[in-house]
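Asker: Those protein sequences? They're chains B and A, same order as listed. Here the UniProt record's numbering is used: position 57 in the first sequence is 57, and no number is missing along the way. Here the UniProt record's numbering is used: position 10 in the second sequence is 10, and no number is missing along the way.
Read the hints as simulated data drawn from the structure, not as lab findings. Everything numeric in this text was worked out from a predicted model, so none of it was measured.
The list cannot tell twin chains apart, which means a pair is met if one copy fits it or any two copies do.
Subject to a maximum C-alpha distance of 30 Å in a straight line, what follows is the list of computed DSS-like cross-link-like pairs (lysine-lysine):
1) Lys-94 with Lys-161
2) Lys-161 with Lys-83
3) Lys-97 with Lys-464
4) Lys-56 with Lys-83
5) Lys-278 with Lys-155
6) Lys-408 with Lys-108
7) Lys-481 with Lys-464
8) Lys-108 with Lys-94
There are 2 protein chains.
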Amino acid sequence: MFSIFKQEARGLATSPASSSTQDLGTNGGEGLDSNSSEKTDKEPVNVYGLGDPAAKFSQMSPYLSSRGSIIKCFRDAAEEGYKAYHLDEYDEDKNPKGIINFGTSENKLCFDLLSSRLNQRDMHHIEPPMLQYPNWKGHMWLRDEVAQFLSYYCKAPVPLKPENVVVVNGCASLFSALATVLCDPGEAFLISSPYYGAITQHVYLYGNVRLVYAHLDSRVTGMDSRPFQLTVKKLEIALLGAKSEGINVKGLVLINPQNPLGDIYSQEQLQEYLEFAKRHELHVIVDEVYMLSVFDESAMFQSVLGMDSLPDPQRTHVIWGTSKDFGISGFRFGTLYTENQDVANAVASLGCLHGICGTVQYQMAQLLRDRDWINQVYLSENHARLRAAHAYITEELETLNIPFLRTKAGFFIWIDLRKYLCTDTFEEEFSLWHRFLDHKVLLSCGKAFECKEPGWFRLVFSDKIPRLRLGIQRIREVLEKEPQVAKTACPASPWRRAVS
Amino acid sequence: MFSIFKQEARGLATSPASSSTQDLGTNGGEGLDSNSSEKTDKEPVNVYGLGDPAAKFSQMSPYLSSRGSIIKCFRDAAEEGYKAYHLDEYDEDKNPKGIINFGTSENKLCFDLLSSRLNQRDMHHIEPPMLQYPNWKGHMWLRDEVAQFLSYYCKAPVPLKPENVVVVNGCASLFSALATVLCDPGEAFLISSPYYGAITQHVYLYGNVRLVYAHLDSRVTGMDSRPFQLTVKKLEIALLGAKSEGINVKGLVLINPQNPLGDIYSQEQLQEYLEFAKRHELHVIVDEVYMLSVFDESAMFQSVLGMDSLPDPQRTHVIWGTSKDFGISGFRFGTLYTENQDVANAVASLGCLHGICGTVQYQMAQLLRDRDWINQVYLSENHARLRAAHAYITEELETLNIPFLRTKAGFFIWIDLRKYLCTDTFEEEFSLWHRFLDHKVLLSCGKAFECKEPGWFRLVFSDKIPRLRLGIQRIREVLEKEPQVAKTACPASPWRRAVS
Chain B
1 MFSIFKQEAR GLATSPASSS TQDLGTNGGE GLDSNSSEKT DKEPVNVYGL GDPAAKFSQM
61 SPYLSSRGSI IKCFRDAAEE GYKAYHLDEY DEDKNPKGII NFGTSENKLC FDLLSSRLNQ
121 RDMHHIEPPM LQYPNWKGHM WLRDEVAQFL SYYCKAPVPL KPENVVVVNG CASLFSALAT
181 VLCDPGEAFL ISSPYYGAIT QHVYLYGNVR LVYAHLDSRV TGMDSRPFQL TVKKLEIALL
241 GAKSEGINVK GLVLINPQNP LGDIYSQEQL QEYLEFAKRH ELHVIVDEVY MLSVFDESAM
301 FQSVLGMDSL PDPQRTHVIW GTSKDFGISG FRFGTLYTEN QDVANAVASL GCLHGICGTV
361 QYQMAQLLRD RDWINQVYLS ENHARLRAAH AYITEELETL NIPFLRTKAG FFIWIDLRKY
421 LCTDTFEEEF SLWHRFLDHK VLLSCGKAFE CKEPGWFRLV FSDKIPRLRL GIQRIREVLE
481 KEPQVAKTAC PASPWRRAVS
Chain A
1 MFSIFKQEAR GLATSPASSS TQDLGTNGGE GLDSNSSEKT DKEPVNVYGL GDPAAKFSQM
61 SPYLSSRGSI IKCFRDAAEE GYKAYHLDEY DEDKNPKGII NFGTSENKLC FDLLSSRLNQ
121 RDMHHIEPPM LQYPNWKGHM WLRDEVAQFL SYYCKAPVPL KPENVVVVNG CASLFSALAT
181 VLCDPGEAFL ISSPYYGAIT QHVYLYGNVR LVYAHLDSRV TGMDSRPFQL TVKKLEIALL
241 GAKSEGINVK GLVLINPQNP LGDIYSQEQL QEYLEFAKRH ELHVIVDEVY MLSVFDESAM
301 FQSVLGMDSL PDPQRTHVIW GTSKDFGISG FRFGTLYTEN QDVANAVASL GCLHGICGTV
361 QYQMAQLLRD RDWINQVYLS ENHARLRAAH AYITEELETL NIPFLRTKAG FFIWIDLRKY
421 LCTDTFEEEF SLWHRFLDHK VLLSCGKAFE CKEPGWFRLV FSDKIPRLRL GIQRIREVLE
481 KEPQVAKTAC PASPWRRAVS
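Generate the whole structure from the sequences, applying the supplied hints.
Answerer: See below:
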């Protein structure tokens, strides 16, 4: 059933040009030992995968439905690192030996700016309509502001329309709603891996939608110009693979800037991905939740909403929210922009389950309309702080001789700790992750992003320098005890997830 | 497959004692014409039904999944009355000919009290944890307050525990989450009808869970002491009926005080319902969202959380929220109390899709802890206003000779307009509903609550007297044109829903 695809995939994975890793941060491939390079020749990485979230869980509750038991296990499994963290959070004064969190992708650099803005008097306004049931697409005055905000920051060629906007309590809810209204149970979205792993549960928990992975890897072949490069060829292969297994793929998920890689897609790349989707009648969900977190002034971000024309506008749906770009993930605010009114109305039908407090809708409208504060106070200061934190952490990584992907956007760095694994397995990756946790520093391991190569980690750097310094020190202490290169057998650990 | 049940159901429905309607408000059966009494003998009302939300919809979108098309249709269908209302809302000054809303169950009498309280300085507090990802069960300090609040107002025999509390963005989300974690797709909850019709979509949209109806009706038989009385016998028959059709019923939904009937269950009744559920290993979801809206001082409300012991505590799950009792449905705040940690954790796993803004969590904690304001300012004033509005509307109904169920709780009255239907059909009921709407007064018709007898309507009275006066005047004008009793054929209208 899968033979044709397997041959094609294997052919690509073992091509002679696929054996080196290049351009890993400023220290490029220097940090990569030859052993790991050889290994990629011997053990080709699969270029396609199919997620099966339920397969990981088997513990049934006598009180829950079958799906309820699986849903509960998602929480149990995902929470291990965070349970430990929340029981023992680092605090400079109260708990200096507590856990440093390099795992959660939050911007902790700008609470002062946001608290100050959200405490201004214009935010404290209440009218009866805010206390009553809203339109489940969001209050019209808020959708007006969102449309104007996105028109401006996405550089839309013509003003975006408020009737194409739906606001709900966070981007997770948008993934859940879109999965449910675009796919029937068991159908799938295509996504390149590594990717922000929480999407797995957002589309699966309610929607029972799976993800088909186009696996990217660190090897640079003749067709790629950098590690983990997303190409249409890889998407084509994964789609073909899914079809050969009878999986109905209904859409493509693009994350731009990408999480965890930090890649920013060029206009040409975006055009190619969107045209690929159009050829196969795939919806495209474009997650631009880091679009204002491009901190390097040399980088150019291209929003899908800023393109002169879209190949398939009725199947193009753009997600944005305030969690990352305004550092307020606790506010639960996400926006969908789609010209497709069937999609907008179907998502709005689920909106009664994803509603936002009316006064918060008012505050978000006030925030988004305050172009002066955003441009002159917030973004410039936020980007400067992100740049400083990024510069600090990359210098430290270079000192530690840890390879990484150089990024210009987002809150994280994708680091290569493969040389510290005893064997190239996810059990070993988990074991290393656990040693970091035991040494009071929480990271996210590559498996949590469905990375196909064991040994990659995501390190979140958007935090104050003293905390970064302490976290890096603890990482160093763990790694100094690790047997580099020596790939001897180590005791295996049960694999678990750690991502947020 | 269904023959045994059908005989039993029919036997009950046609019993000699089942032909009269009594105790309908202060004017009792006076408003009932003899023709409609006779009819119940001739056309027995089914005592059991099975909801099939998808059957009502057939319009497929080329862009949506099968379920997505159905989900979208829910919005299209439910919105007719509300679309008209929102395009033409009554305003004393700006739009005096606009639509008066007697349809949405909101308390519009206390915006002044709530706005004033929510604007106090203690509400405007921000700390970094409120801006960050929360625990998806809700912040611990909020769950502490909820546990203390429920312990006090539900008169819990021992203090309720914060670890048994989950908070999400509204009670709709709790129905969705509970349906999903307690039932697999196609399974069902048992509920007595008429019931708050939105529950249909809350359990179906994501959960694909159906409702089995134990139909109550206005006839008072030997076993009943009042119209629409819920008895264990009726629940038993409906459960048997569902089983005979191969439907797997996983839980019972109780609404107390009941919406739309306004019934308040006694401790003895509650005990009977809970023991029935235990006998059949059914979960019980108890919706107490109107528990503090018991405005008649002669009434006693018994919370399930205030019972000395529960027959099956691991399968008893209580829902409450601020939408009704504090008149802030726009705040989206609902709480679940369950001793079952599997259920609490499974619901919390879905909590990432139902999150509440951190600052709103803080405001809700401040509100719930302010026992002085709640007891000495809010509740006494709120109840006085509800009593006055209720007294006004019931006097008007009596003057109009419209029978109704007398209630002591909630925001609505269940009124009997059967004598104004040309024929006893839901098409006729819809037609009357539409004539009200055309005459600028929005009501909810019985079909929206899955009432089995055509001709009942829910009238929401929790509004200012001038609006009530104008709405009642418009109702009178419509009814004066109606041919009472004369059951001649009228042109049929396509049936649609109108509920909120």
